[in-house]
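Student: Chains B and A, in that order, give the protein sequences.
According to full-length UniProt numbering, the first sequence holds residues 1 to 266 in order.
According to full-length UniProt numbering, the second sequence holds residues 1 to 356 in order.
List of simulated lysine-lysine pairs, DSBU-like, C-alpha gap at most 35 angstroms:
#	chain 1	residue 1	chain 2	residue 2
1	A	LYS76	A	LYS179
2	A	LYS67	B	LYS95
3	B	LYS95	A	LYS107
4	A	LYS169	A	LYS113
5	B	LYS95	A	LYS15
6	A	LYS67	A	LYS113
7	A	LYS113	A	LYS179
8	B	LYS98	A	LYS15
9	A	LYS107	A	LYS67
10	B	LYS130	B	LYS217
11	A	LYS179	A	LYS107
12	A	LYS172	A	LYS76
13	A	LYS76	B	LYS95
14	A	LYS107	A	LYS76
15	A	LYS179	A	LYS169
16	A	LYS113	A	LYS76
17	A	LYS76	B	LYS98
18	A	LYS67	A	LYS179
To be clear about the criterion: a stretch of chain B counts as covered by chain A if any three or more of its residues have a C-beta under 8 angstroms from a C-beta of chain A, and this derived list gives those stretches:
#	segment
19	162-169
20	183-190
Everything labelled a hint here was simulated from the structure, so no lab data went into it.
Glycine residues also receive a C-beta, built at the ideal position from the N, C-alpha and C atoms.
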Amino acid sequence: MARTFDIRKQTGFTALAITCFAVLYMPIVLLVVYSFNAGSSIAIWEGFSFRWYATAWDNDQVQAATIRSLVIACCASGIATFAAVLAALATTRTKPWKGQTLAFAMVNQPLMVPEIVTAVALLIFFAMIKVSTGYTGLGYLILAHSAFCIPFAYLPVRARLQGMDLTLEQAASDLYATPFQIFRRITLPQLFPGILAGAMLAFVISLDDVVITEFVKSAGQDTLPTYMLGQLRRVVTPEINAISTVLLAISVVMVIAFFFLSRVRK
Amino acid sequence: MIEIEGVTKIYGEGKSAFHALDDVSVTIRENEFFTLLGPSGCGKTTLLRTIAGFVDPTRGAIRLAGKSLLESPPHKRPVNTVFQSYALFPHMTVAQNIAFGLEMQGKPRVEVKETVARMLELVRMTPMADRQTGQISGGQQQRVALARALAPRPEVLLLDEPLSALDFKLRKDMQLELKRLQAETGITFIFVTHDQEEALTMSDRIAVMNAGRIRQIGSPREIYDQPAERFVADFIGDTNFVEIELLETEGETAGIRLPSGRETRARSGAEARPGKATLAVRPEHARLVPPEEALMAGTLAEIVYFGTDTHYHVALDSGARFVIRQQNAPHHRQTHATGDRVGVSFAPGVGQVLRD
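Generate the whole structure from the sequences, applying the supplied hints.
Tutor: Written as C-alpha cells, this is what we have:
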C-alpha cells in the first residue's frame with residue numbers, strides 16, 4: 001500500500017504547531033493566571049487571591065454593565081434566532097425562487113460588510129431617529145445586535161434544515177398532517193437543536209461585541225466589553241482580568257454546548 | 001377500486017422534456033396485491049407518488065372508488081405510503097410513530113391507544129413500543145413503517161420498494177409477512193419493486209413498466225409464461241430469443257419455422273402476422289436431446305453448475321446461443337462435455353411469439 005502524505009511527519013511541523021498554539025493560548029492563560037493576582041499589577045505576580053473577583057463583583061458599574069450586556073444578548077439572540085428561522089425556512093423549504101441567492105447574501109450581510117462601516121451607519125441612522133423621537137433607551141443596542149447576530153443564528157439552522165430528510169415531512173403529510181401540523185410536530189422538533197445552537201452562538205456574539213456597541217450606545221449605556229475598553233484608558237488592575245476570565249468561561253461553555261447541539265441526532 | 005387513466009407526467013419543456021409517465025392507464029381492483037415492476041427510472045415510483053399526491057400529473061385522471069383524487073392534497077387522500085427509506089420520525093418512539101396518523105385524523109385517545117396496540121401486535125413489535133426508532137434494526141423499522149401506514153386503515157397502501165434495504169433472508173421473511181398482512185387487513189396494496197422474483201412471488205397482478213409506459217399487465221404466471229414483448233421477456237427471468245418465421249396463426253397459436261428449417265407451433269398474440277418474428281423460450285422449458293431428434297442442433301459451449309440445476313449453453317448452428325436449464329437429480333452423472341454435438345428441443349406450444 002502506498003503511504004499517504006502525513007503532514008504531521010514533515011520537518012518543522014511540530015515546532016510550527018507549538019508556536020501557533022503558544023501565540024493563541026499563552027496570552028489567554030496569562031490573563032487567567034493574573035486574574036488571581038493578589039497585587040494590583042497585571043504583570044507582577046504577588047500571590048494568589050480572589051480579591052479582584054470580589055472587587056469586580058462589588059463594582060456597581062460592572063454590575064450594571066453586566067446586566068445590560070445580558071439583557072441585550074438575551075433580547076438580541078431571541079430576535080435574531082426568530083428571524084433566522086424564518087429566513088432559513090424561506091431559503092431551503094420552498095421551491096427555488098428568483099432572488100433566492102440574493103436573499104441568502106443579504107441575510108448574511110453582517111459577515112461581509114466591515115463592522116466599522118455598519119457601526120458608523122447605525123450611529124448616524126439612530127442619531128436621526130433619536131432626534132425625531134427623543135427615545136434613548138436600550139432599544140437601539142438591541143436592534144443593532146439583533147441585526148448582526150442574524151447570520152450566526154441563520155447558518156446553523158439552515159445547515160440543520162438542509163441535512164433534514166424531506167421525506168419525513170412527506171410521510172407526515174401522507175399521514176393526514178396539515179402543513180401547520182407538519183411544521184409543529186415534525187419540522188420544529190427536528191430543527192430544535194439547530195435553533196438552540198444558533199441562539200447560543202448569537203448570544204455569545206452579542207455578549208462579545210465592542211465596535212458596534214461603542215458607536216451606538218448612548219451615555220451611560222456601557223456593556224461589559226465597552227466598560228472594559230473604557231477602563232483600559234485609566235489604571236489597569238487585574239479586575240479587568242477577572243471580568244475577562246468570567247466572560248471567557250461563559251463563552252467556552254456556550255461554544256461547547258453549541259458544538260454538541262450541532263451534532264445531535266445527525 | 002383505483003382507476004388510473006391516461007396519466008402523463010412531463011418534466012421540463014420543449015426539447016429537454018422528459019416523459020416520466022407516458023399515458024399510463026390501469027385499473028387496480030379492491031383487495032388486490034398489485035405490483036409495479038420495472039428497472040430504475042421506468043416511472044413506477046413516479047406513478048406511486050402521483051397516487052400519494054406528491055407528484056401532480058401533467059395530464060390524466062386518478063379515481064378512487066369513482067372519486068377523483070387529484071384535487072386533494074396528500075393529507076386528504078385515504079392512501080398511505082411505506083417509504084423506501086421508511087421515513088420514521090426520529091424524535092418519536094415506535095408507538096408514537098404508529099399513533100401519528102391516527103392523531104392527525106383526530107381519533108379519540110382511547111381509540112388511538114387501542115389501534116396502536118393492535119398494530120404493534122400485527123407486526124409483532126409490542127415489546128419494542130417505547131423504543132426510539134434509532135434503536136431498532138432495519139427489519140424492525142420496516143415493520144414499524146408498515147404499522148404506521150396501516151394504522152389509519154387506508155383504502156390503499158402504497159409500498160415504495162420497502163424491502164430493498166433488507167438483506168436476503170430478512171427480505172424473504174418480510175415478503176411472506178407482507179402477504180399475510182394484506183390478507184389480514186384486506187387493504188389494496190400497490191407495491192413498487194425492481195426485483196422480478198419479489199414481484200412474481202407476492203403479486204396478484206403485475207404491471208411491467210419501461211420508459212414511463214406500462215408494457216404488460218397480467219398475473220405472475222401470464223407475465224412469465226406469455227410475455228407480450230421482448231422487454232418483458234428479457235426483464236422477467238432468463239429467456240432465449242430465436243429469430244423465426246411466422247407461417248400462419250390460428251387463434252392463440254402460430255405455426256413457425258425455426259432457423260434450422262424445422263417447423264413447430266408456439267403461442268402467439270391474436271394480432272401476430274406472418275413474417276419475421278422473435279420467439280422466446282424459457283431455459284427450463286427446453287431440453288437437451290441428441291442432435292438427430294432436435295429442433296435445432298449445435299455444439300455444447302459451456303456447462304455451468306448451479307446446485308439446484310445445471311445450465312447448458314449451446315452454440316447453435318445458426319450462430320445464436322441457446323441456454324437450457326435442467327434440474328439436477330440426486331445421483332445425476334454428467335454425461336455431456338463441452339464440444340459435444342447436441343440438440344435443443346422444446347414441446348410445441350411452449351415458446352411465445354413476441355410482439356415486436
